[in-house]
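Based on the sequences and whatever the hints tell you, model everything.
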Amino acid sequence: MVNGISETLMLIGETLIYPGAVFSFVVAIFTQWFRRKAYARMQNRMGPTYTGLAGTLQPFADYVKLFFKEDIVVIRGYAKLPAFLLALAIGALMAILLMLPISPYSVYAPYDIIVAAYLLIWPTLTLAALGFLTPSPYGALGSSRLLTLTIAYEVAFLISILTPVVLASRILGAQYSLYLSSIYSWLLWTNPVLVPLMVISLLTALISLQCKLLEKPFDIPEAEQEIVAGPFTEYSGPKLAFIIFIHDIEQYVNSLIIVFLFLGGVAPFVEGPLWAQILIVAIKYIIVVLVLTWIKAMVARFRVDQAIKMLWKYIVPLSLFALIVSTVI
Amino acid sequence: MVVLETAVSMFIITLLAYGLYLYSIKVTKSFAKESKEKPLIYACGEHITEKEALLADRHLFTTIWNEVFKPLYDSLRGKIHTGILNDWFFWMFLALIIAYTIIIILGGVGG
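Residue numbers (the working numbering), protein chains in the order written: chain F, 1 to 329; chain B, 330 to 440.
Take the hints with a grain of salt, since some may be wrong.
What the hints assert, rightly or not - Within a straight-line C-alpha distance of at most 27 Å, the following computed DSSO-like cross-link-like pairs (lysine-lysine) qualify: (1) Lys358(B) <-> Lys80(F); (2) Lys69(F) <-> Lys358(B); (3) Lys313(F) <-> Lys296(F); (4) Lys65(F) <-> Lys358(B); (5) Lys69(F) <-> Lys37(F); (6) Lys65(F) <-> Lys355(B); (7) Lys309(F) <-> Lys296(F); (8) Lys65(F) <-> Lys80(F); (9) Lys69(F) <-> Lys355(B); (10) Lys408(B) <-> Lys80(F); (11) Lys65(F) <-> Lys37(F).
None of these hints come from the bench; they were simulated from the model. Computed from a prediction, not measured in an experiment: that's the story for all the values here.
Right under this line is the structure:
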């Protein structure tokens with residue numbers, strides 16, 4: 001019983017502090033600052049400069065400003081339902097963190113990748129619902145575009161992350177668990193037969209993640225020159241802060257999944273000291289964010305048909321190929 | 330267990346975030362100025378009414394009454410509702426005949 005209570009307290013502590021709410025907020029601020037700074041430097045701009053050291057506190061200032069702005073609700077729009085949906089999406093994303101090795105008391109079970117996949121889809125559905133909860137035509141149009149893309153990129157992303165999970169489970173006995181697969185995945189790179197599969201699924205995961213984050217070239221649902229801000233057009237104040245926070249947390253969680261499933265997590269310091277393991281995970285995380293930012297800075301926006309064509313014609317078949325080969329190899 | 334633990338975690342964070350939102354709207358309401366522009370709807374630079382501007386979900390249920398049945402009722406009312414007592418008796422008599430006809434067709438009352 002004592003064990004049960006201590007485990008429950010541990011779970012609550014993890015949810016609220018590390019790697020949950022407080023830590024995620026800090027990482028979200030850092031990630032947003034880093035992305036904005038890197039994106040600006042790639043475009044020969046300065047990026048955030050004034051608030052904090054080299055502008056590091058600018059995202060925090062933005063959050064505080066939005067949080068204390070008036071929450072304007074348009075006529076015939078819903079007032080509290082969008083906020084509740086956004087809160088649910090934040091909860092879903094932070095729950096995934098417990099299933100990753102960064103969590104001291106990790107939750108895992110055989111086949112828990114299904115739970116992770118379910119939780120990963122929450123934010124997308126929430127963002128799509130937001131557009132339909134306001135009577136704005138921009139919102140409805142943005143949400144319908146988002147749902148059109150969702151069918152393609154969610155499939156591609158889930159298939160991509162399934163490949164290392166299936167390989168780790170079939171070869172190393174990871175029991176289709178996100179946590180165990182994350183721990184064993186670095187061993188997959190030591191087998192030369194599996195390296196091409198890992199490379200293919202890493203590429204498809206990165207591109208579908210770029211689409212999941214609605215970044216260029218896949219920012220079609222919130223294309224500001226055409227439909228203002230798509231599903232987010234009519235939202236302001238704390239709801240807009242939540243929307244931006246979800247974007248940052250989504251980048252954080254999905255990038256961590258890529259770091260642990262594809263880039264080997266703490267490898268090459270599997271037996272090394274804790275500080276070295278934290279440092280290597282941080283470096284790999286920054287590399288993933290930098291690559292995503294680089295893609296964003298490099299390309300222009302696709303049209304809807306171009307994005308759908310690219311996802312269904314190249315990304316989904318490639319990821320499916322890697323998954324099928326990984327099940328028979 | 331993994332489902333329960335993630336659900337508990339999700340529940341706690343959801344409560345926390347929603348609580349923060351409620352706190353935010355409570356605080357901002359205390360120092361917000363009442364805006365006169367906000368309730369007005371503009372399209373192409375002109376003020377339009379709420380009914381003209383929106384196609385909300387509740388229209389799905391009310392449109393058929395407002396747009397189809399109400400004009401039909403209005404036009405019928407203009408022709409039928411003359412204010413003459415004889416006309417009223419005529420319509421009542423007609424309704425009675427229709428009712429009797431239906432009852433006879435269906436086989437009468439009480440089998």
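Holds or violated: Lys69(F) to Lys355(B), with C-alpha atoms at most 27 Å apart: Status holds; Cα separation ~11 Å.
Hint consistency between Lys313(F) and Lys296(F) [alpha-carbon to alpha-carbon, up to 27 Å]: holds, 21 Å
Agreement of Lys65(F) and Lys37(F) with the hint, judged by alpha carbon distance not exceeding 27 Å: holds, 20 Å
Hint consistency between Lys65(F) and Lys355(B) [alpha-carbon to alpha-carbon, up to 27 Å]: Holds - the C-alpha atoms of Lys355(B) and Lys65(F) are around 15 Å apart, at most 27 Å.
Hinted pair Lys69(F) and Lys358(B), Cα distance within 27 Å: Within the cut-off at roughly 9 Å; holds.
Satisfaction of hint between Lys80(F) and Lys65(F), Cα-Cα up to 27 Å: Judged against 27 Å, a Cα distance of about 20 Å means the pair holds.
Restraint status (C-alpha distance of Lys309(F) to Lys296(F) at most 27 Å): holds, 19 Å
Satisfaction of hint between Lys80(F) and Lys408(B), Cα-Cα up to 27 Å: At roughly 48 Å apart (the allowed maximum being 27 Å), Lys80(F) and Lys408(B) break the hint.
Restraint check for Lys65(F) with Lys358(B), where alpha carbons must lie at most 27 Å apart: holds, 15 Å
Distance restraint between Lys358(B) and Lys80(F), which requires alpha-carbon spacing of 27 Å or less: holds, 15 Å
Given hint Lys37(F) paired with Lys69(F) - CA-CA distance at most 27 Å: holds, 25 Å
Hint 10 from the earlier list is the only one contradicted by this structure; the remaining hints agree with it.
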